[in-house]
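**Student:** These are the residues of each chain, in order.
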Amino acid sequence: MSEQAIARQMNGSWVRDKIFLGLTPAEYLKSLVTPANAVIAVILAAGIPCLVLRFAKGLGAVSNLSQTWPWGLWVAFDVISGVALAAGGYTVACAVYIFGQKTFRPVLRPAILTGFLGYVFVLFGLIVDLGQPWRLPYQFFLTPGTTAVMYEVGWCVFLYLIVLGLEFAPAALEWLGLAKLRRLLEMMSIGIIVLGVTLSTLHQSSLGAFFLMTPEKVHPFWYSPFLPIFFFISSISAGIGMVIVESSLSHRAFHDRLDPKAPVDMTAITLGLAKAGALVLFAYFFIRLQGLAGSGRWDLLLTGWGAWYGVEMLGFILLPSFLFLVSVRRESVKLARFAGALTVLGVLLNRFNVSLFAYNWTLPKRYVPAAAEILISLTIVTLGVVVFRWIVNRMPVLAEHPDYRGSHE
Amino acid sequence: MPVNRRQILKLAAAAGATAALPGPGGAEAALARPSKDARAVLVDIANCVGCRSCEMACSEANRLPEPESDVNFETPRATGPDRFTVVNRATAKSAGGDERFAKTQCMHCVEPACASGCVVRALEKRADGPVVYHADRCLGCRYCMVACPFGVPKYEYTKLAPIVRKCTFCAERQAEGKPPACADACPNGALTFGKRAELIEEAKKRIYGTPGKYVSEIYGELEAGGTSWLYISDVPLQTLGLPPGVSKTSYPEMADRALSAVPFVITLWPPLLMGLWAMNKRKEEVAAAGKAGEGRHE
Amino acid sequence: MNGHELLSPHATKAIEYGIAVAYLLLFIPFWRAMSRPARARAKAPAFSFADLFQVPEGVHLHRGHAWARPEAGGVTVGIDDFGHGLVGPIDSFQLPIVGFRVRQGDSAFGLTAGGEKFALRAPVDGTVTEVNPLALSDPAALHRDPYGAGWLFRVQPVRLGHNVKTLFSGEKARKFLAESAEALQLAFRPEALSLAQDGGALVHGIARELDPEHWDDVVRASFLTR
Chain Y
1 MSEQAIARQM
11 NGSWVRDKIF
21 LGLTPAEYLK
31 SLVTPANAVI
41 AVILAAGIPC
51 LVLRFAKGLG
61 AVSNLSQTWP
71 WGLWVAFDVI
81 SGVALAAGGY
91 TVACAVYIFG
101 QKTFRPVLRP
111 AILTGFLGYV
121 FVLFGLIVDL
131 GQPWRLPYQF
141 FLTPGTTAVM
151 YEVGWCVFLY
161 LIVLGLEFAP
171 AALEWLGLAK
181 LRRLLEMMSI
191 GIIVLGVTLS
201 TLHQSSLGAF
211 FLMTPEKVHP
221 FWYSPFLPIF
231 FFISSISAGI
241 GMVIVESSLS
251 HRAFHDRLDP
261 KAPVDMTAIT
271 LGLAKAGALV
281 LFAYFFIRLQ
291 GLAGSGRWDL
301 LLTGWGAWYG
311 VEMLGFILLP
321 SFLFLVSVRR
331 ESVKLARFAG
341 ALTVLGVLLN
351 RFNVSLFAYN
361 WTLPKRYVPA
371 AAEILISLTI
381 VTLGVVVFRW
391 IVNRMPVLAE
401 HPDYRGSHE
Chain A
1 MPVNRRQILK
11 LAAAAGATAA
21 LPGPGGAEAA
31 LARPSKDARA
41 VLVDIANCVG
51 CRSCEMACSE
61 ANRLPEPESD
71 VNFETPRATG
81 PDRFTVVNRA
91 TAKSAGGDER
101 FAKTQCMHCV
111 EPACASGCVV
121 RALEKRADGP
131 VVYHADRCLG
141 CRYCMVACPF
151 GVPKYEYTKL
161 APIVRKCTFC
171 AERQAEGKPP
181 ACADACPNGA
191 LTFGKRAELI
201 EEAKKRIYGT
211 PGKYVSEIYG
221 ELEAGGTSWL
231 YISDVPLQTL
241 GLPPGVSKTS
251 YPEMADRALS
261 AVPFVITLWP
271 PLLMGLWAMN
281 KRKEEVAAAG
291 KAGEGRHE
Chain C
1 MNGHELLSPH
11 ATKAIEYGIA
21 VAYLLLFIPF
31 WRAMSRPARA
41 RAKAPAFSFA
51 DLFQVPEGVH
61 LHRGHAWARP
71 EAGGVTVGID
81 DFGHGLVGPI
91 DSFQLPIVGF
101 RVRQGDSAFG
111 LTAGGEKFAL
121 RAPVDGTVTE
131 VNPLALSDPA
141 ALHRDPYGAG
151 WLFRVQPVRL
161 GHNVKTLFSG
171 EKARKFLAES
181 AEALQLAFRP
191 EALSLAQDGG
201 ALVHGIAREL
211 DPEHWDDVVR
221 ASFLTR
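Residue numbers (my numbering), protein chains in the order written: chain Y, 1 to 409; chain A, 1 to 298; chain C, 1 to 226.
Don't read these hints as lab results, they were simulated from the structure.
Small disclaimer: the values here were computed from a predicted structure and weren't measured.
A few of these clues could be false.
Subject to a maximum C-alpha distance of 25 Å in a straight line, what follows is the list of computed BS3-like cross-link-like pairs (lysine-lysine) [what the hints assert, rightly or not]:
| # | chain 1 | residue 1 | chain 2 | residue 2 |
| --- | --- | --- | --- | --- |
| 1 | C | 117 | Y | 261 |
| 2 | A | 36 | A | 195 |
| 3 | C | 165 | Y | 261 |
| 4 | Y | 102 | C | 165 |
| 5 | C | 13 | A | 248 |
| 6 | Y | 275 | A | 283 |
| 7 | Y | 261 | C | 13 |
| 8 | C | 165 | A | 291 |
One chain only, chain Y, in its complex shape (with noise of 0.2 Å):
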């Protein structure tokens, strides 16, 4: 009998099994009263009030978005950096099936989950944010705007959200016990995986090119022809960062989720992403040097911006370049995960400065997020977590399901 089959025995009912981890409703129910979740309740509690007057009353009700900040905490946070940060499921999978390295693949199903989520929830951003988002598909099957960056973002993040479905669903049937299913979608995996990557490389580059008509609003310092190149690498290394940090996060949240007759070499896969992260980082700081260079304007560097530049490029580029060279040196996995960390906060900081805090330089008035605005984002990523770990504490992410063991390309 299948460990399936054995499970589904001894729980009782398939929802018993599958929704309620085996317990019975009223132990289930139970089993959620945690701290962790205490804090969820709370920014729930909080958030989704807002989101509700958010639809009821109006943009204009919620934020502090006005005439000359038409983009604020939404797109900054929930859309273009949500989109940097859910990159790490392009570049684990292009590791693993491109380049073979099969060190990373016990990380490959969380960083395409992370992803898959990341995406999600970045869409439900975009819906809170757009002044009538029920008329997003008219971007598709109506009047389309071809010469439009959006218009590419538009196919390229539908398209890629259906991508990174396929590429988590093996895991999903694998759950369900859907064999044939999940046999016919590892035979089309490689076209998936090339798709996505293909898919991911011009969206988190058009995510750049945003900003390309903004010369004059954006600080030069942030403003290059080349944006959507460093939007790109950037993200490259804000996926490494996230695999790193999300990996030996959920090692230790979902300890039990992972198999003990199976065991993972985190070192060896976190020292391995750390080296990859110290290369791309390294040539991405000296790729933003070139854009510095391009712009003439080195007279800024000694002006508060400049400051801030600096603060960017070397606490948060070249420093995590150097500290996961270190760590690779010295094998501690301890730094790695610092140094990916800051990769991360560093992606975060430079998508915030592109889109907030150096555009519209010029403006002495700065926008400033409303409470409602930073609840609503916060409550979009908490909901984002809580369907990870319910996908996790069920599904075969963190570790294979014991009727599929070795069964994987």
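On the provided structure of chain Y, position chains A and C as indicated by the hints.
**Tutor:** Leaving out everything else, chains A and C in the frame of chain Y:
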């Protein structure tokens, strides 16, 4: 698993599907090529007395609330969702000590950033000049507001089904052969409606015809690659409240440079990636065969 | 680029080329700094668990760490290198009597060590023909020669060809033992590495060292008789 034909075909189908998607054309694709008869307005600052008849006429023609009758020109006003044009006082006086005023509104650029950046073509450049807005398509992404170097589009943040609001260049009146309401209403000849090419000539005539009077620059001739609202002034242009530092090249071209790389990525990435995959697969097979051979020597 | 240019276009381009060349020059030491530990690690004789274990010619290992060696008079059975090292000093053996029929994979014999009782699975099918008297008189001595004098009992096989298919021999056997040891190391602490070595051999009774509380569970998990 060896690279097999089935996988390559599957991949080719996927690549073909993406290539067949309506890909981005050149910047001109969604924008009508400006016809030789494209209309424009010449704003002669020297002739503007700040009467704001243009504001009145605009609000009437577009069914907007009436502009305030008493305006304190101390603080400059901005256009808004219900105010498509405003007249502000310049921060400099003329050589003769007179106050000067400037009307601002949508510039109806020859190659508008807003229209090229609109994902649903809600903003569209018509061949005869106006950049028109289709409220029934707009999904409210507000990218037009981000892209416009003049900060023109305004958004209805207070509404539940908000739309973008801006000067329409009285496109309907123009279709009937009439001038825009503001140009029609101006009592002092500050606004002259006509063909863009002819107005540029007229502007040059005025500049060179009265040496020393005008600043020898037509704001809007090259700004953003050329706009339909052209300004000549006898006070420095930067005192008029018009955005300085606007690029003298077309904005859509800047985005198009990046978008033109897209078909290349779509075409080159799949064979590159498949090639790498195949190379690594081969390496693995060779290594596995080596190990198996070793084992057989038991 | 717009904005006032402090530098002429020539100077700007020169700086850009300069940055690119500087990057290339700096890349070389950067790459080398990162590759060195890996090379150093590879050069130093890396400790490999596979080196700890010997599996003599003709010996077939069962997943439960019993071994079988076909000989002229039948098949000899014992406990492998790793099994002895895992369980440590043995107090006594419980071996099947002559004439007893064993089946491959069935729990067929046992031992007592450190006050705990452990069962082990038979590696082959057959009838017991002989029991090693040394196992009964001096059980603690058997680990010194697990595949030779440390044999436990002999059986008359009935399905040897079939049985052998599910056993490990030669290189596969060494790999199996190495993986068993590595799994222990990963499941416990990295320091198990140093504990594991005692002059180049596995510390005797390593299970008790790794997990004093639940070492018997560890042993039973390895013997597949939880």
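**Student:** Hint by hint, note whether the structure agrees.
**Tutor:** A quick look at each hint next to the structure:
1. C:117 - Y:261: holds (23 Å)
2. A:36 - A:195: Roughly 8 Å between the alpha carbons, so the hint for residue 36 of chain A and residue 195 of chain A holds.
3. C:165 - Y:261: Holds - the C-alpha atoms of residue 261 of chain Y and residue 165 of chain C are around 23 Å apart, at most 25 Å.
4. Y:102 - C:165: violated (29 Å)
5. C:13 - A:248: Within the cut-off at roughly 22 Å; holds.
6. Y:275 - A:283: holds (22 Å)
7. Y:261 - C:13: Roughly 59 Å separates the two Cα atoms, so the pair is violated.
8. C:165 - A:291: Roughly 20 Å between the alpha carbons, so the hint for residue 165 of chain C and residue 291 of chain A holds.
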